[in-house]
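A.B. asks: The listed protein sequences derive, respectively, from chains F and S. Read in our numbering, the first sequence has 122 at position 122, and its numbers run on one by one without any break. Read in our numbering, the second sequence has 782 at position 326, and its numbers run on one by one without any break.
Honestly, I wouldn't trust all of these hints.
[Stated by the list, open to error] Have a look at the derived ranges for each label pair, beta carbon to beta carbon:
#	chain 1	residue 1	chain 2	residue 2	range
1	S	E471	F	E369	49 to 57 Å
2	F	R212	S	D633	26 to 34 Å
3	S	M457	F	A397	43 to 51 Å
4	F	S401	S	E808	51 to 59 Å
5	F	E205	S	P629	26 to 34 Å
[What the hints assert, rightly or not] When the alpha-carbon atoms are kept at most 30 Å apart in a straight line, the in silico BS3-like pairs for lysine-lysine are as follows:
#	chain 1	residue 1	chain 2	residue 2
6	S	K776	F	K396
7	S	K468	F	K320
8	S	K599	F	K143
These are computed hints drawn from the structure, not numbers from a lab. Glycine included, every Cβ here is placed at the ideal spot set by N, Cα and C.
Protein chains: 2
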Amino acid sequence: MTPAEKRELLHKDRERVWHPFTQMKDYAERDHLLIEKAEGLYLYDADGNRYYDTVSSWWVNVHGHGHPRIKQAIARQLEDTDHIMFSGFTHRPAIELADKLIEIAPPGLGKVFYSDNGSTAVEVALKMSFQYWQHVGRPGKTKFAFLEHSYHGDTLGAVSVGGVDLYHATFRPLLFDAYRVTAPRISRWENGSPTPEAAEHGVAEALEAVKRLFESSADEIAGFIIEPMVQAAGGILIHPAAYVAGVRELCTRYEVHLIADEVAVGFGRTGTMFACEHAGITPDLLILSKGLTAGIMPLAATLCTDRIYEAFYDDYETMKTFFHGHSFTGNPLACAVALESLRLFEEERVLEHVRTISEALRGQLPRFEPFRHLGNIRQLGMIAAFDLVQDTETGKAFPSSERRGYHVYLEALKEGLILRPLGDTIYYWLPHCTSEEQLHDIVDRTCAVLERLGYR
Amino acid sequence: MTPAEKRELLHKDRERVWHPFTQMKDYAERDHLLIEKAEGLYLYDADGNRYYDTVSSWWVNVHGHGHPRIKQAIARQLEDTDHIMFSGFTHRPAIELADKLIEIAPPGLGKVFYSDNGSTAVEVALKMSFQYWQHVGRPGKTKFAFLEHSYHGDTLGAVSVGGVDLYHATFRPLLFDAYRVTAPRISRWENGSPTPEAAEHGVAEALEAVKRLFESSADEIAGFIIEPMVQAAGGILIHPAAYVAGVRELCTRYEVHLIADEVAVGFGRTGTMFACEHAGITPDLLILSKGLTAGIMPLAATLCTDRIYEAFYDDYETMKTFFHGHSFTGNPLACAVALESLRLFEEERVLEHVRTISEALRGQLPRFEPFRHLGNIRQLGMIAAFDLVQDTETGKAFPSSERRGYHVYLEALKEGLILRPLGDTIYYWLPHCTSEEQLHDIVDRTCAVLERLGYR
Ligand SMILES: Cc1ncc(COP(=O)(O)O)c(C=O)c1O
Ligand SMILES: Cc1ncc(COP(=O)(O)O)c(C=O)c1O
Numbered sequence: 001m002t003p004a005e006k007r008e009l010l011h012k013d014r015e016r017v018w019h020p021f022t023q024m025k026d027y028a029e030r031d032h033l034l035i036e037k038a039e040g041l042y043l044y045d046a047d048g049n050r051y052y053d054t055v056s057s058w059w060v061n062v063h064g065h066g067h068p069r070i071k072q073a074i075a076r077q078l079e080d081t082d083h084i085m086f087s088g089f090t091h092r093p094a095i096e097l098a099d100k101l102i103e104i105a106p107p108g109l110g111k112v113f114y115s116d117n118g119s120t121a122v123e124v125a126l127k128m129s130f131q132y133w134q135h136v137g138r139p140g141k142t143k144f145a146f147l148e149h150s151y152h153g154d155t156l157g158a159v160s161v162g163g164v165d166l167y168h169a170t171f172r173p174l175l176f177d178a179y180r181v182t183a184p185r186i187s188r189w190e191n192g193s194p195t196p197e198a199a200e201h202g203v204a205e206a207l208e209a210v211k212r213l214f215e216s217s218a219d220e221i222a223g224f225i226i227e228p229m230v231q232a233a234g235g236i237l238i239h240p241a242a243y244v245a246g247v248r249e250l251c252t253r254y255e256v257h258l259i260a261d262e263v264a265v266g267f268g269r270t271g272t273m274f275a276c277e278h279a280g281i282t283p284d285l286l287i288l289s290k291g292l293t294a295g296i297m298p299l300a301a302t303l304c305t306d307r308i309y310e311a312f313y314d315d316y317e318t319m320k321t322f323f324h325g326h327s328f329t330g331n332p333l334a335c336a337v338a339l340e341s342l343r344l345f346e347e348e349r350v351l352e353h354v355r356t357i358s359e360a361l362r363g364q365l366p367r368f369e370p371f372r373h374l375g376n377i378r379q380l381g382m383i384a385a386f387d388l389v390q391d392t393e394t395g396k397a398f399p400s401s402e403r404r405g406y407h408v409y410l411e412a413l414k415e416g417l418i419l420r421p422l423g424d425t426i427y428y429w430l431p432h433c434t435s436e437e438q439l440h441d442i443v444d445r446t447c448a449v450l451e452r453l454g455y456r
Numbered sequence: 457m458t459p460a461e462k463r464e465l466l467h468k469d470r471e472r473v474w475h476p477f478t479q480m481k482d483y484a485e486r487d488h489l490l491i492e493k494a495e496g497l498y499l500y501d502a503d504g505n506r507y508y509d510t511v512s513s514w515w516v517n518v519h520g521h522g523h524p525r526i527k528q529a530i531a532r533q534l535e536d537t538d539h540i541m542f543s544g545f546t547h548r549p550a551i552e553l554a555d556k557l558i559e560i561a562p563p564g565l566g567k568v569f570y571s572d573n574g575s576t577a578v579e580v581a582l583k584m585s586f587q588y589w590q591h592v593g594r595p596g597k598t599k600f601a602f603l604e605h606s607y608h609g610d611t612l613g614a615v616s617v618g619g620v621d622l623y624h625a626t627f628r629p630l631l632f633d634a635y636r637v638t639a640p641r642i643s644r645w646e647n648g649s650p651t652p653e654a655a656e657h658g659v660a661e662a663l664e665a666v667k668r669l670f671e672s673s674a675d676e677i678a679g680f681i682i683e684p685m686v687q688a689a690g691g692i693l694i695h696p697a698a699y700v701a702g703v704r705e706l707c708t709r710y711e712v713h714l715i716a717d718e719v720a721v722g723f724g725r726t727g728t729m730f731a732c733e734h735a736g737i738t739p740d741l742l743i744l745s746k747g748l749t750a751g752i753m754p755l756a757a758t759l760c761t762d763r764i765y766e767a768f769y770d771d772y773e774t775m776k777t778f779f780h781g782h783s784f785t786g787n788p789l790a791c792a793v794a795l796e797s798l799r800l801f802e803e804e805r806v807l808e809h810v811r812t813i814s815e816a817l818r819g820q821l822p823r824f825e826p827f828r829h830l831g832n833i834r835q836l837g838m839i840a841a842f843d844l845v846q847d848t849e850t851g852k853a854f855p856s857s858e859r860r861g862y863h864v865y866l867e868a869l870k871e872g873l874i875l876r877p878l879g880d881t882i883y884y885w886l887p888h889c890t891s892e893e894q895l896h897d898i899v900d901r902t903c904a905v906l907e908r909l910g911y912r
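In isolation and in its complexed conformation, chain F is listed as follows (with noise of 0.2 Å):
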């Protein structure tokens, strides 16, 4: 585009648009980075300059952009049918992701109920595992639990067991009250990884928290909502799979259901193609989307037992349906676009790549060792996180105000790489067609970001 189309545009931005999650006098002074172009790995701003994705568009592109097998099967989807109501109704693309996915996800799912996105479908899992105990004469089971630090979205239901005081606390009249519960600790990480006994301390110390909740309240608890191995938004804190088998432990002896969100960390993102696949366990729902399209277009799918959803299933008089629906319920054009990512997912062996790349990952980690106030380095599959802290000893974060994250990530972009922080905590959420020398590539730039604000 010209520069005077460039301009134009900016300015319309500045004067129509409000970004979400963002201060919008961060702007006052700069751009929003205008991107025309967006292939594989790459974005591409008005100027022509080339940035690495390294954060998948928000954790949600997965083949790479502009991928072509997405875009054919898209156009065939338009052949056939756009979008029509699935109340009464059904096609094709619908049922076949609805069945490939029961397919794939961890054993003993049975139903799929589909939605628009991550937080449209926390709010289906939600109010599906409420109604269930009222059906089968459980009514006091009204109570959601949910961890500190997670992230659910950012409707009013998955904000009420949203743990990020920064995001959540502003809207306390408006939620309902849920039981807040300690996530596992991680105190000391090795190679990426907790060492054992970090692994075990604190994992030991969060299952307790949840027993002592149970065994307390677990007749008023319908569900306990988990983002299993990695709570994401709250500051890709990574946990051991002992802990979500311990969960799950916990859940069928109490009686609670197990709600697995698995919006940010499903299709293989953590190296596994769902992340409680690390732990061997099923969920009584199952939450996905983000990388279920590829990353492309909006959808979601909450997935639940044939024993959740039996409890729903009787004659219409008996006021048992389940009313919860979106106009754009299994929009045949997402569901299309799953499919063929799915279908790109066995014929391109990607789950096989991630593995390489998770490790090519691992192996890159000890190029941070030697930084400054870089605490926690850790990583899962396709996931690398690590914290500026002030002390690494003892875990002393810099004064917020010093907003050292947003630094980084204004260097980064200099350095044709966004490398979008969340706080001071410094992460790759990288898309499976990561190739081992693009790796590197990013690595050798964020090494030289860091060299460059002072942390060697």
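The hints should help you fit chain S with the ligands onto chain F, whose structure is shown.
C.D. replies: Relative to the frame of chain F, chain S with the ligands by itself:
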């Protein structure tokens, strides 16, 4: 598709899919209708049967299915950017769409905040309104008012301002408290409109209720959410424009945000581009979805005044950021489709056509007069409805166990007509591309259905 393929798909549908707003046992003996192709006003099932999509696929479709210009717009956009994150980054389709929306929306709205569906756009509006009052030093304004019979979506914030007990009562313990207000009740219709006396009486009574509430409680009310002109899911309840104008006046006087949910009625459905235009008013927050993308894929927008925006605009440290966002915010494909739809509105003079067909629809209403048990025959723009009632004088309903609406639905399918009822309310919600000839054919078929079911 072959009969074997059809059988297999329907089998999988039954095994794997949980449909929205559906008692799945209603489909124990019958299948969901398997749609294979959608074109213009028609859906085609797997046996090649054709159906008029008289409900615009849940009120979303605008230009008919499979419009070539829409397909091209998607293909074009796919060549540039599929999806990229919208925080820190921006792109042409989202900017141009925001600019266009502000241009065509009622005057005085300044900013566009994107989300993925109607429910999330409602949540955005509620949260913005709530947080606004915190920022301007009126932290006591934390509550919302809503109308009886209202429907604003299925996430728990939207459910909290929902007035349809059938959908909403179950979830009471998870909802925030809100004030339910009497809606205009229209006792008499003539030629599809309220008689002047009925309108006057209904409006006066309903505005009085708002005034009483605001007098006692405006100090604690952040916003009042309405579906302007037509309460859709609550039963296609058409309101006089004077009600909307009166509500605007009261909201201004008592300093309460007027939140207009035009998810269903926006983009020409009521005969004007936005329903608020009937009353010549601008809300403080305007919610759009469904027809925004011509009904092709999920996208939503919450528009607000600059005054609201500015209350959040400050140094980051003041903690006034609106922490809300969805992964697929501002999806470039959806924005490109929405832009193309708005171009079609202009180039094909869609609103002129809508006016013509709306008049023709009104002209058809007398054909329903001779039938028994048809009450409250009403119309606005492309929307028309009547209620099946035991007694049209008193409005006495049939026992709900008779499921009269449902039987009309089943019979209409045999007649090649998708007449999806709301309880015992039968309605049209026609796509803008409907021709006069198609309209006549639809009414012919509807009359045949009513005849066969003994309503003559
Ligand atoms: C007036 C109104 N608001 C909000 C919604 C919710 O939109 P969605 O189904 O896209 O979540 C609807 C959907 O029917 C609606 O009619
Ligand atoms: C774990 C998790 N759950 C839910 C969500 C919400 O999804 P969405 O942004 O699509 O509403 C997110 C989004 O980042 C997430 O990371």
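A.B. asks: A separate judgement is required for each hint: does it hold in the structure or not?
C.D. replies: A quick look at each hint next to the structure:
For the pair E471 (chain S) and E369 (chain F), the beta carbons lie near 52 Å from each other, so the given range of 49 to 57 Å is met. R212 (chain F) and D633 (chain S) have their C-beta atoms about 31 Å apart, which keeps the hinted 26 to 34 Å range intact. Checking the proposed 43 to 51 Å range against M457 (chain S) and A397 (chain F) shows it is violated: the Cβ atoms sit about 60 Å from each other. At about 57 Å, the CB distance of S401 (chain F) to E808 (chain S) agrees with the hint of 51 to 59 Å.
Distance hint check: the CB atoms of E205 (chain F) and P629 (chain S) are about 31 Å apart, consistent with the given range 26 to 34 Å. Restraint check for K776 (chain S) and K396 (chain F): the C-alpha separation of about 26 Å stays at or below 30 Å, so the hint holds. At roughly 23 Å between alpha-carbon atoms, K468 (chain S) and K320 (chain F) fall within 30 Å of each other, so this suggested pair holds. Simply put, K599 (chain S) and K143 (chain F) have alpha-carbon atoms about 22 Å apart, close enough for the 30 Å limit, and the pair holds.
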